[in-house]
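What follows is the residue order along each chain.
2 protein chains.
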Amino acid sequence: VAGNISQKIGVLGGGQLGKMLYQSASRFGISMCIMDKDKTYPAGTVCPYFTEGDIISYKDVLAFGMDQDIVTIEIENVSTDALHELQALGKKVFPQPEILDIIKDKGRQKEYYRINGFSTSAFELYKDASDIKKAVIDGVLPYPFVQKSRTEGYDGRGVQIVRNENDLENLLDTASVVENLVQFKKEIAVIVARNTSGEVAAFPVVDMDFHPTANLVEFLICPSDLDKTIQESAQNLAKTLAESLGIVGLLAVEMFVDTNDKLLINEIAPRPHNSGHHTIDACVTSQYEQHIRSILDLPLGDTSLTQSAVMINLLGEPHYSGNVKYEGLEEILKLSGVYPHLYGKKETRPFRKMGHVTITDTDLKSAMNKARFVKQTLKVIS
Amino acid sequence: VAGNISQKIGVLGGGQLGKMLYQSASRFGISMCIMDKDKTYPAGTVCPYFTEGDIISYKDVLAFGMDQDIVTIEIENVSTDALHELQALGKKVFPQPEILDIIKDKGRQKEYYRINGFSTSAFELYKDASDIKKAVIDGVLPYPFVQKSRTEGYDGRGVQIVRNENDLENLLDTASVVENLVQFKKEIAVIVARNTSGEVAAFPVVDMDFHPTANLVEFLICPSDLDKTIQESAQNLAKTLAESLGIVGLLAVEMFVDTNDKLLINEIAPRPHNSGHHTIDACVTSQYEQHIRSILDLPLGDTSLTQSAVMINLLGEPHYSGNVKYEGLEEILKLSGVYPHLYGKKETRPFRKMGHVTITDTDLKSAMNKARFVKQTLKVIS
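Residue numbers (the working numbering), protein chains in the order written: chain P, 155 to 536; chain W, 155 to 536.
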């Protein structure tokens, strides 16, 4: 029954996204189980119904899913074979496994854009490193270009820029998408949701400001400073893509804005996304609640921003490994509108995502100033 | 160490207040354990570290508390003897047991106000029902008056108005506070917090609109429509009381505003309170986070209201008992700024608190209109 909140929801993946999804579900008193390898993972600190199992194991996912009414994910890297089987057995699986198959393979993802007329940077597919080298030697692939592993990439892993012969020696020996290096002036993200009834809603555009070396978002800023018309185009592009795919649940769409203000789809994720963390503290409806509304076929929530927001990821400081400590927490808590979200990971490692902080203010400049202070002050050490 | 968030916090009581306290703690990645009789209680749906035990048992509370760095409560009705012992053994216990002793006994509470110069309605203490009857017969206690059981009262239980000889037959045979029936024009609540360092902060005044028969708050409205000067007086009164008690943690202060705009303290609660639920969705800092900041001696958070808010309790409909169902959820979720909090109780009973809904809007009238719609539309049945 649509909108029946007594349905059992099973989530594959117990990281921070699973944790925040559970926190949102628990406000509605929804019965949600989570599966991942170890109940000390972030979601295990909030979900008493945590099943230990391997999300890439066909057997484990199938067994877990059979107990649920709806199966969803917080990470793409799961056994889609098991999800297909669960769907065939009559379970609701959102996002649908056939969409996951497309998205998990960056090659198929890019081909989907090409075939369906969605703008993206020019690309070719290659079987492996020697295949790419051959193209360079044959003169059909000029420097610089971007190599992306077709599968297994996450948080910048499996992606590298190849600028010269030296870089060529470090090619990943894997089936790859090779893209033109886009000259872009900005990278943005739009999260959309689509429920079973086909209702679609987009969150406001966020500007993504990347850390120069770690290839992770440093500041995520909402509202965007792009022209309103470009923002609307970006929201419409994301909505159209969600409708084209027919996805149920969230779809995070990362885009480049090139030097001609043209939007190019970079990558997509069919789940809650780092670029939507701020929605918890700064939007009428959070991305997590929106995902739950989508898969339960409830009316989608208002995505409006209530205040300006800046989000920063809280990464383990370089040179620190071991039991986590937070330095500067007292200082940042003296400020108004500073929301630390600490994921509850016991161990820190260099650049590990240990939490995030959302900073809100009625004025974006003030939010930005506070965010810079938080970034300088709050440190994850051991 | 002040502000050390790696301290273990143990909470006595696993109802909805414990649930929401845990939800707030989990955002900070804080290690929090909860004890109550049954892990199917609301807090057991969000806290994987739920210990089954009896919060009024000396032995259970002592054993539970020995494992913690800080012990706190979500309900007053706990073994304060065990809390005294834990404090003597060097544990931090907030609120402090000696303050709980005063507050749990409405007789001592009223005497505290009298001795320390806090305005409250006139009262006398009586040993039992016959003692009260004697005073009526002797002509020293005129109708109407209010009988309040000195202990065990909660959510309007243990409180009754005695208007005539018939009512006199229904007196509770218990040690009682007997108060003048105050002619008041409004009942309000102010929640304050005080941390170990002595910092004190008050949330905005809320207007409490009671249900005529169930003796439970029907609409809780913030901001209050009282004059700003009266609101400031109410906040100052609550702060002064918290400082006078020296309490660490939250103190909810319910007050009457009499026909001369004089403030009279009605009752207090040393914990998160029903009149502060809206702070989750409508204040910069929630009462739950504020409680955690207080007991960890972190800086107190900004208590400002970000939007107008109306809160309604979601009670089990009369004539329905059994497995809970929610009627009208889809309808209310079509509105913007409507936040249902369903506590996850499996069984409904007439007038049982099953959840609450916070309704926010930039405009209070619009919030009120939406709240009336929610009240008419969302029903807890079986």
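I should point out that these hints are in silico values taken from the structure, not numbers from a laboratory. Hints may be right or wrong, so weigh each one.
Which copy is meant is left open, because identical chains are indistinguishable; a pair holds if it fits in one copy or across any two.
[Claimed, not checked] Pairs of lysine-lysine residues, derived as DSS-like cross-links and limited to a Cα-Cα distance of at most 30 Å, are as follows: (1) Lys488 - Lys382; (2) Lys524 - Lys258; (3) Lys524 - Lys213; (4) Lys162 - Lys191; (5) Lys524 - Lys393.
Violated hints, by number in ascending order, as checked against the structure: 2 and 3
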